[in-house]
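Residue numbers (UniProt numbering), protein chains in the order written: chain A, 1 to 367; chain B, 1 to 367.
Treat the hints with caution; some may be incorrect.
[Claimed, not checked] Residues of chain B placed beyond 12 Å of chain A at every Cβ, according to the derived structure:
| id | residue |
| --- | --- |
| 1 | Leu-3 |
| 2 | Asp-20 |
| 3 | Arg-54 |
| 4 | Ala-57 |
| 5 | Glu-60 |
| 6 | Lys-68 |
| 7 | Gly-93 |
| 8 | Val-113 |
| 9 | Ser-145 |
| 10 | Leu-299 |
[Unchecked claim] So the derived list for chain A, only partly shown, Cβ under 10 Å to chain B, looks like this:
| id | residue |
| --- | --- |
| 11 | His-154 |
| 12 | Ser-239 |
| 13 | Arg-241 |
| 14 | Gly-274 |
| 15 | Ala-349 |
[What the hints assert, rightly or not] Facing chain A, from chain B, some residues (calculated, C-beta under 10 Å):
| id | residue |
| --- | --- |
| 16 | Ser-143 |
| 17 | Asp-152 |
| 18 | Ile-153 |
| 19 | Ser-239 |
| 20 | Leu-266 |
| 21 | Ala-353 |
| 22 | Lys-356 |
In case anyone wonders, no lab produced these hints; they're calculated from the structure.
Glycine included, each C-beta is placed from N, C-alpha and C at the ideal position.
There are 2 protein chains.
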Amino acid sequence: MSLNRIDLGVTCDMHVHVRDGAMCELVTPTIREGGVSVAYIMPNLQPPVTTLERVVAYKETLQKLSPKTTFLMSFYLSRELTPELIHKAASLGAVQGVKCYPAGVTTNSAAGVDPNDFTGFYPIFKAMEENNLVLNLHGEKPSVSNSKDGDDIHVLNAEAKFLPALAKLHTDFPNLKIILEHCTTAAAIQTIEEINKDITDPADIRVAATITAHHLHLIIDDWAGNPINFCKPVAKLPSDRRALVEAAVSGKPYFFFGSDSAPHPLENKARHIGVSAGVFSQRFAIAYVAEVFDQQNALDKLKDFVSTFGINFYGVKSADLVSQDKAVLVRREYTVPETVTDHKGITMAPFMAGHKLHWDVQWETSA
Amino acid sequence: MSLNRIDLGVTCDMHVHVRDGAMCELVTPTIREGGVSVAYIMPNLQPPVTTLERVVAYKETLQKLSPKTTFLMSFYLSRELTPELIHKAASLGAVQGVKCYPAGVTTNSAAGVDPNDFTGFYPIFKAMEENNLVLNLHGEKPSVSNSKDGDDIHVLNAEAKFLPALAKLHTDFPNLKIILEHCTTAAAIQTIEEINKDITDPADIRVAATITAHHLHLIIDDWAGNPINFCKPVAKLPSDRRALVEAAVSGKPYFFFGSDSAPHPLENKARHIGVSAGVFSQRFAIAYVAEVFDQQNALDKLKDFVSTFGINFYGVKSADLVSQDKAVLVRREYTVPETVTDHKGITMAPFMAGHKLHWDVQWETSA
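In isolation and in its complexed conformation, chain A is listed as follows (with noise of 0.2 Å):
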């Protein structure tokens, strides 16, 4: 491996959001442009993305806005899936999996469901798993305070207090392929690991995490004052973000990268109000992580994160990528636009607006 020169593979990015309309446009091909070839795309649309219908024009729709770029997609967990849309949408390759939303955590999240019981999707689970499906859980409880017992739910524990449910559907469900997205904790790295120590063999791991790019870098200061780093779960304490990087450079291959990228223009960001959850980390999302892994001194377990791990638990196949361009990391030190624009007029800040990165991402095209 050169020093400046890094191959990287078949990139994945196992979480992406990348909206639809004007948005949808700008956002989905900085996918390739963030160093990225397979994206698994969330269904949570408004209204959500819950049909057979839905879910095939929509990957028609990326596809031509992004050609090279390799489209996972999902369904919405809700009362509208059954499970013969389950067996039906995974026999045609369809989805990939479901993105099950706790209702009222995030952005477009009102038609989610109740995380203190999972049993009504049971049946659809079961589907899931017969047709290997993945399961895909925002992993948080809603926040509950003046509660009189003390046991509160608020942004800091709302992941922790999430994980026994995890943990459950793990147990009911031995052989659902489940990814806790965009962990944000030391407990939840804990967690995974727990589930994870008696494997051996990788191709049995059925419960993994995403980390995004972003909960690499910050911690609660970070968003607090800083709306542009407010995204959900919100990033937590310093000995949290040091167990993410941890897992994230460990080789343990139940961790891999799912960005979580989640555009919204910058008037939504730049409020005293209401500003919406997420973090645009799209455009640059290999080189934050690359970042990350350069200060660790672990730039040689970069592929596995953003490669292989990932496409191994989705189980991606060569004959399902639709170009077999290779990433290749390099040096080059350049600075995060302060914001983006497009040609409707749509402004984003992106995340490290104003900092200096030091990898960028080339394609190196097959013939």
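For chain A, the structure is supplied; the task is to place chain B on it using the hints.
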């Protein structure tokens, strides 16, 4: 006491920011409009107030803007102060205290001190102790992350990490009057109670704490995504809020009201990066507090919290008051405006903008 009309006497807000220039003109009259008779004024102008000439001129400016408000004044603790200045200012009654800002923790605190070592200021504290002046502490340690030993300091534990320094100051200057300003944690409440546990005569109290209106209302979830509620120290967890509310309604004479109302133009709050820290609560200061006391069925304790205890700790005498008017809490439902704007074009969003309040203050003027 009528259920709809409660005498509050000479109300006081012992932590007030009124800035200078146009903002000062807008904000200073809101002290009385918000139901406050006596205001302790913070010295964190740019440059900080550190001379006799400036504090006298500042008080004259404020008095013209609000003739019926009694202003208590303060110096900004810095290397520019001398024991001689403290003696002189105290003998003239020009200041009632000195505010200590740890460097870098909040608005205009760059000129502050290193909270890890106060000993350089001990001659100042000795002079203050001799003159019965109050030391007002912003009780936070500056954040330190990426520390290798795990002893991180961040916005959530910055106050708790400061408490040993408070205890040491009290040990070293047992007769110095000290206020832990705008305390936000159960840990701080416990420390103040521990220090005062053997006090039987309120006149012997040397260490007190102020509690703001907004920290009686807010937790971390409320400022996550709502910069209008972002302040330093940040609002903490539900359990911390419960401890603050319990302290406020406790009738313990070492807990009293200081709003820390900190006005910022709306454009400095509605930003995606670098939001100014501070909540503007002056205009409805007493009403915000009354709302909480009402919820706690503790309106009979409100006068102690917003008048008696602060007046007693500072030793404010009737002869010191520029107005003998008495504040009366009256039941009246109204909605906090979304913004307030003055004739010079400054716009601000008040705390709880758009929310209903149920109490207002009227003035009973003396002949």
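Hint-by-hint comparison with the structure:
For Leu-3 of chain B, the requirement that its beta carbon stay farther than 12 Å from each beta carbon of chain A is met, with the minimum near 24 Å. The claim that Asp-20 of chain B lies off the interface holds: its Cβ sits roughly 23 Å from the closest Cβ of chain A, which is beyond the 12 Å cut-off. Distance to chain A confirms Arg-54 of chain B as a non-interface residue, since its nearest Cβ pair spans about 29 Å, more than 12 Å. Look at Ala-57 of chain B: its CB is around 32 Å from the nearest CB on chain A, clear of 12 Å, so calling it non-interface holds up.
Taking the minimum C-beta to C-beta distance to chain A, about 33 Å, the non-interface status of Glu-60 of chain B holds against the 12 Å cut. With a least beta-carbon separation of about 31 Å from chain A, Lys-68 of chain B lies farther than 12 Å from that chain, consistent with its non-interface assignment. With a least beta-carbon separation of about 38 Å from chain A, Gly-93 of chain B lies farther than 12 Å from that chain, consistent with its non-interface assignment. No beta-carbon of chain A comes within 12 Å of the beta-carbon of Val-113 of chain B; the shortest separation is about 21 Å.
With a least CB separation of 4 Å from chain A, Ser-145 of chain B falls inside the 12 Å interface cut-off, contrary to its annotation. Every C-beta of chain A lies more than 12 Å from that of Leu-299 of chain B, the closest at about 19 Å, which supports listing it as non-interface. Residue-level restraint check for His-154 of chain A holds (minimum Cβ-Cβ distance to chain B is 5 Å; threshold 10 Å). Evaluation of the Ser-239 of chain A hint against chain B yields a held restraint, the C-beta minimum of about 6 Å falling below 10 Å.
A distance limit of 10 Å between C-beta atoms decides the matter here; for Arg-241 of chain A the minimum to chain B is near 8 Å, and the interface restraint holds. Interface hint status for Gly-274 of chain A: upheld, as the beta-carbon distance to the closest one in chain B is roughly 7 Å, under 10 Å. Restraint check, Ala-349 of chain A versus chain B: the minimum CB separation of about 5 Å is within 10 Å; hint holds. At its closest, the beta carbon of Ser-143 of chain B sits 5 Å from a beta carbon of chain A; the interface hint therefore holds under the 10 Å criterion.
About 4 Å separates the beta-carbon of Asp-152 of chain B from the nearest beta-carbon of chain A, less than 10 Å, and the hint is met. Satisfaction of the interface hint for Ile-153 of chain B is found here, the shortest Cβ-Cβ separation to chain A being roughly 9 Å, below the 10 Å cut-off. A least Cβ separation of about 6 Å between Ser-239 of chain B and chain A falls short of the 10 Å threshold, and the interface hint therefore holds. Hint on Leu-266 of chain B holds. Least Cβ distance to chain A is approximately 6 Å, under the 10 Å limit.
This hint holds: Ala-353 of chain B has a C-beta 7 Å from the nearest C-beta of chain A, less than the 10 Å allowed. Evaluation of the Lys-356 of chain B hint against chain A yields a violated restraint, the C-beta minimum of about 16 Å exceeding 10 Å.
Of the numbered hints given earlier, the model fails hints 9 and 22; all others are met.
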